[in-house]
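> Once you have looked at the hints, place chain E with the ligands on chain R.
Residue numbers (this note's numbering), protein chains in the order written: chain R, 1 to 199; chain E, 1001 to 1254.
Hint data in this document are derived by calculation from the structure and do not stem from the laboratory. This structure is a prediction, so every number in the text was calculated from the model and none was measured. Any given hint might turn out to be false.
Only part of the chain E face toward chain R is listed, based on derived beta-carbon distances under 8 Å [what the hints assert, rightly or not]: (1) Arg1012; (2) Ile1022; (3) Phe1054; (4) Leu1077; (5) Pro1082; (6) Arg1085; (7) Ile1091; (8) Leu1092; (9) Asn1095; (10) Leu1098; (11) Glu1099; (12) Lys1244; (13) Ser1245.
Note that CB positions come from ideal geometry on N, CA and C, so glycine has one too.
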Amino acid sequence: MALHAKPIDQLIEALTKLPGVGRKTASRLAFHILRSSPSEAQALARAILDVKEKIHLCSVCFNLTDEDPCRICKDGTRSRDVLCVVEGPNDLIAIENTGAFHGRYHVLHGTVSPLEGVGPDDLKIKELMERLQKEEVGEVILATNPTVEGGATALYLTELIKPLGVKVTRIAFGIPMGGEIEYSDGMTLSKALEGRREV
Amino acid sequence: MPLYTTNAIVIRCYPYGESDKIVTFLTKDFGKIKAIAKGARRSRRRFQNALDLFSHIRLIFFDREGMGLVRADNCDLLHSFPRIREDLKKILYGNYYLELVNEMAGEREANSEAFDLLLFFLSALEEMEPQEEHLRMFEIRMLSLFGYQPNVKRCNLCKRDWRELRETPSLFFSLERGASVCESCSSALNSVIPFSLGTARLIERISQMDLEKIRRFKFTAQALSESREVLTKFITYHLGKELKSLKALGTIKT
Ligand SMILES: [Zn+2]
Ligand SMILES: [Zn+2]
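Okay, chain R solo, but in the shape it has when bound (with noise of 0.2 Å):
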């Protein structure tokens, strides 16, 4: 159905591929791109351009990077002592903005899923694996999330970890900052206790 100029059209079929874009949304949108200045379309076009050309994985720690190996991997004021198994790139950036961790990271890209099909040979655990054979690690800490899978993916680490005689730890889990105890589900509650520490 052809209701706009083929290349309007064109442009909103694009969008609608994006996730979370209906058609609505989409030609919102598209006239949107259609108003704005000619130099403002560019820097569009030319930001998707670049995240497609310059964007890689980092051949270290398969971060997202645009330059290789990444910035994380390549600062010598990291420690080389302990690294962090994360399952996303996201998951990178929510830890790196607490400035609480100063050692590097391995970014696994997925859980071990056993539903979705996904197994470990899907995900960067065979490279871990020789980064741990390679590089002098100390500490391995296993930052997936608390769900089925994340934690599927923790033990199937420890288990391939811990013969090489590389400590292995899990981030805690327990109750949210500003949450309350009343109102926690039994599970968290009862991992708080188990990873409480000495004050």
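Chain E with the ligands alone, transformed into the frame defined by chain R:
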């Protein structure tokens, strides 16, 4: 929009957008339902952290008549099966239970026995070491519940009853018929698997056994390997695909 309450087990869930989750439940009263849980990834208040695989919950949901997805409103966590979640082998077993139920159950077809059966096997997995017999028994009972109980009392073609034969017959299981056949009839059929009379009797027995007896029931090594072959191939044939979690059970070392 009418509001409903039922007990439910999370059999599948994945993130949707920035803050929502799409969750498939096996419910006690409404069969399998697929729901959107708005805000489940961010707000802890309405769903606590209960919308994860295996969670047994009390679910309150809205149903917009005629729509595919119901809207989960809130839930209370009844049991999260922490000992399944802390053991990789148990997770793999449990995932297989969930996937098999998800594949066999029809949407919005109430089947409270299927719910009870899943809860029973998850509870057994929580409390005991995982044992392969449980996988096979779960398969037999699920097949029976959904009307695909393997018919292994007699030859499906010539109708001879195995009890009437004087010597021990050579049996074959026909995937196509979901039933046993004798050696001479088997030559007329494609995809048949040899199995013993003992295993045929075992399958028959388990489909009627009291659930409490099932917990500690042991198979012989021969029955274990024959029933694995017959049942998993029959399920794969029947569903038209191999279950992903069954493959994971075979490939992920625990
Ligand atoms: Zn890197
Ligand atoms: Zn026959």
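> With reference to the structure, classify each hint as holding or not holding.
Here is what the structure says about each hint:
For arginine 1012(E), the interface hint holds, the least distance from its beta-carbon to any beta-carbon of chain R being 6 Å, beneath 8 Å. Violation of the interface hint for isoleucine 1022(E) is found here, the shortest Cβ-Cβ separation to chain R being roughly 13 Å, above the 8 Å cut-off. Nearest Cβ of chain R to the Cβ of phenylalanine 1054(E): about 7 Å, under the 8 Å cut. The hint holds. Contact between leucine 1077(E) and chain R, as hinted, is supported at the beta carbon level, the nearest pair being about 5 Å apart and thus within 8 Å.
At about 6 Å, the closest approach between the beta carbon of proline 1082(E) and any beta carbon in chain R falls short of 8 Å, and the interface hint on this residue holds. A cut of 8 Å between beta carbons decides the hint on arginine 1085(E): the least distance to chain R is about 5 Å, and the hint holds. Checking isoleucine 1091(E) against chain R by beta carbon gives a least distance of about 5 Å; that is within 8 Å, so the hint holds. Among the interface hints, the one on leucine 1092(E) holds; its C-beta lies about 6 Å from the nearest C-beta in chain R, closer than the 8 Å criterion.
The beta carbon of asparagine 1095(E) comes within 4 Å of a beta carbon in chain R, closer than 8 Å, and the hint placing it at the interface holds. Interface hint status for leucine 1098(E): upheld, as the beta-carbon distance to the closest one in chain R is roughly 7 Å, under 8 Å. Look at glutamate 1099(E): its Cβ gets to within about 6 Å of chain R, closer than 8 Å, so that hint holds up. The beta carbon of lysine 1244(E) is positioned within 8 Å of a beta carbon in chain R (closest approach about 4 Å), and the interface hint is therefore held.
With a least beta-carbon distance of about 4 Å to chain R, the hint placing serine 1245(E) at the interface is held under the 8 Å criterion.
In terms of the numbered hints stated before, the structure departs from hint 2 and from no other.
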